[in-house]
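Novice: What follows is the residue order along each chain.
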Amino acid sequence: MDIAKYKTWIALALFVLLLIVVSVGYYQSLGIINPKAGNVSFVLLLVLLFAGYYFIGKARGGKPIPVRKIAAFDAIEEGIARAVEMGKTVHFTLGYGPISTVNAPQYLAGLGVLGHVARLCAKYGAQLVSTLGVPELIAAEEEIIRDAYYSGGKPELYNVTYNVRYLTDQQFAYASAVQATIQRENAGANIVVGPFWAESLIFMEAGAAIEAFQVAGTARETQIPFFVLAADYAFIGEEIFAAGAMASGDVETLASIRGQDIGKLLSWILIVVGLILLPMGVKLAEYLVK
Amino acid sequence: MIELIGGWLAAVMIVWIYSFVYKDNVLYRLAEHLFVGTAAGYSIALSLDSLNRTAFGQMVKGVEYWHLIIPILLGLTFFFKYSKKYYWVARYGVGVNVAVGAALALRAAPMANIIKQINAAVLPLWVAGDPLKTFNNWLMILITLGGLTYFIFTFFPKTEGKAGPVRIAYKALVTIGIYGMMVGFGYLFANTIMTRVGFLIGIILQYLQPRFDATLVAMILAIIAIAFAVLKKK
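Protein sequence lines, in the order shown, are assigned to chains A and B. Take the position in the first sequence, starting the count at 1, then add 412; the result is the number in the working numbering. Take the position in the second sequence, starting the count at 1, then add 9; the result is the number in the working numbering.
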């Protein structure tokens, strides 16, 4: 029996099962719906969802979406080409920990950038070493790198145990192994994109010690300063999502970035409206948090 | 006795891990592999314990908990990665995990990214009798608007041709946003470095200060680690 034929039905069945879980949770009063959540917050969530859906539909219709230049994104190719010229490897890492947390979008953005890095490695014939501490993404990384090398005409460079190295999901054990890998593999380019905590500077130090070309990015604001300071090019905050979308080349993912931009434009407009209304005694901010 | 051995082991590991500052060496490798191996074992123990407590332990309590079989089945789909024919089934488990994470992030987005931001940025543009506060408010508002403009990726003025007022205003806002962020990053950096130095002082106080013999052993261990690296280099 070819199970692949029933992929859609399996997906549908899983969706129904999830609905059952949510319903059971709701009727057993497991607190799935937060009664304290504000109405305005809910309306804004709906607006964001609708905006994303609308632009995805537009993109499917063939409407191109312009994205502004991101210096760190363009620098990735420079770094990989430099590593090849020096006969060195390219190192990539996207973080550690479980994926089913609020950091999931950052891991996905990291995977998007990994796809771009792997394709460039295949194009220039570079050896890629990707370390990770996210057990759920081992299979995804293997597929991404294999596809990149095979479609780039360099299948001989793909060696799953060499290219993808799962270390551990414990923070400093992962950090100690990553910094050692960067130095032992003598990385010419060190690309670090994902959610990072205290280990971010450790990776940058390890790369700087062997004079690797470093491109790094995270949306965790406490770690951005380390990347801005120590990397040659840094993705600042949400730039990693735009980079992930650009790297994937997927128009629907790019369209979702435009949906997010609607949220930012909305914030911009509401701040200006709030400033205009404030001298009249109307406190928009107080109304919004209700 | 076990506590004493544990304390010495921790001290030895700290010195060996610190030896990486000089160069990668065999003692660092030993400490690193011990650390990674122990962490992997610890993760497995934690996962099994969690599975036992939150899934199997609950399911045996009664039929109302049997829905927990769904996440267990989803977890089992991960093992399909070892099948060449059915490896795609593993994607469903990953997909649900990613979706849960994305949904968690999305749930908090309107409140954290929009409403609280507006709440913090809508400040009076004129505070009578307090010019410093007025200046501070203007600074806050301009940096917030500038930062927001910087992070808008798909709506921006045309870059070709002569710069019009929109492009000039856009560039000015983006510049203010970048400078504002850099100041913020500087503060965060300094703050974190202070914390890290605090950790270092804590370790030094814990292991080096109270006893001279402990200091001596730590120094000998550091010298051994460096000697290994130097000899290997030769």
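A hint or two may mislead.
[Claimed, not checked] To give an idea of the chain B side of the interface with chain A (calculated C-beta under 8 Å), a few residues:
1. Tyr27
2. His76
3. Ala99
4. Tyr101
5. Ala118
6. Asn122
7. Ile123
8. Thr163
9. Phe164
10. Tyr188
[Said to hold, decoys possible] Coverage of chain A stretches by chain B, computed from C-beta distances (three or more under 8 Å per stretch; other residues unrestricted):
11. 421-434
12. 493-501
13. 504-516
14. 528-542
15. 585-598
16. 633-641
Because the hints were derived from the structure by calculation, they are not lab data. Where a beta carbon is used, it is the ideal one built from N, C-alpha and C, also for glycine.
Novice: For each hint, tell me whether it holds in the structure or not.
Specialist: We went through each hint and held it up to the structure:
no.: 1; hint: Tyr27; result: 11 Å, violated
no.: 2; hint: His76; result: 5 Å, holds
no.: 3; hint: Ala99; result: 5 Å, holds
no.: 4; hint: Tyr101; result: 6 Å, holds
no.: 5; hint: Ala118; result: 7 Å, holds
no.: 6; hint: Asn122; result: 7 Å, holds
no.: 7; hint: Ile123; result: 5 Å, holds
no.: 8; hint: Thr163; result: 4 Å, holds
no.: 9; hint: Phe164; result: 6 Å, holds
no.: 10; hint: Tyr188; result: 13 Å, violated
no.: 11; hint: 421-434; result: holds (count 7)
no.: 12; hint: 493-501; result: violated (count 0)
no.: 13; hint: 504-516; result: holds (count 7)
no.: 14; hint: 528-542; result: violated (count 0)
no.: 15; hint: 585-598; result: holds (count 8)
no.: 16; hint: 633-641; result: holds (count 7)
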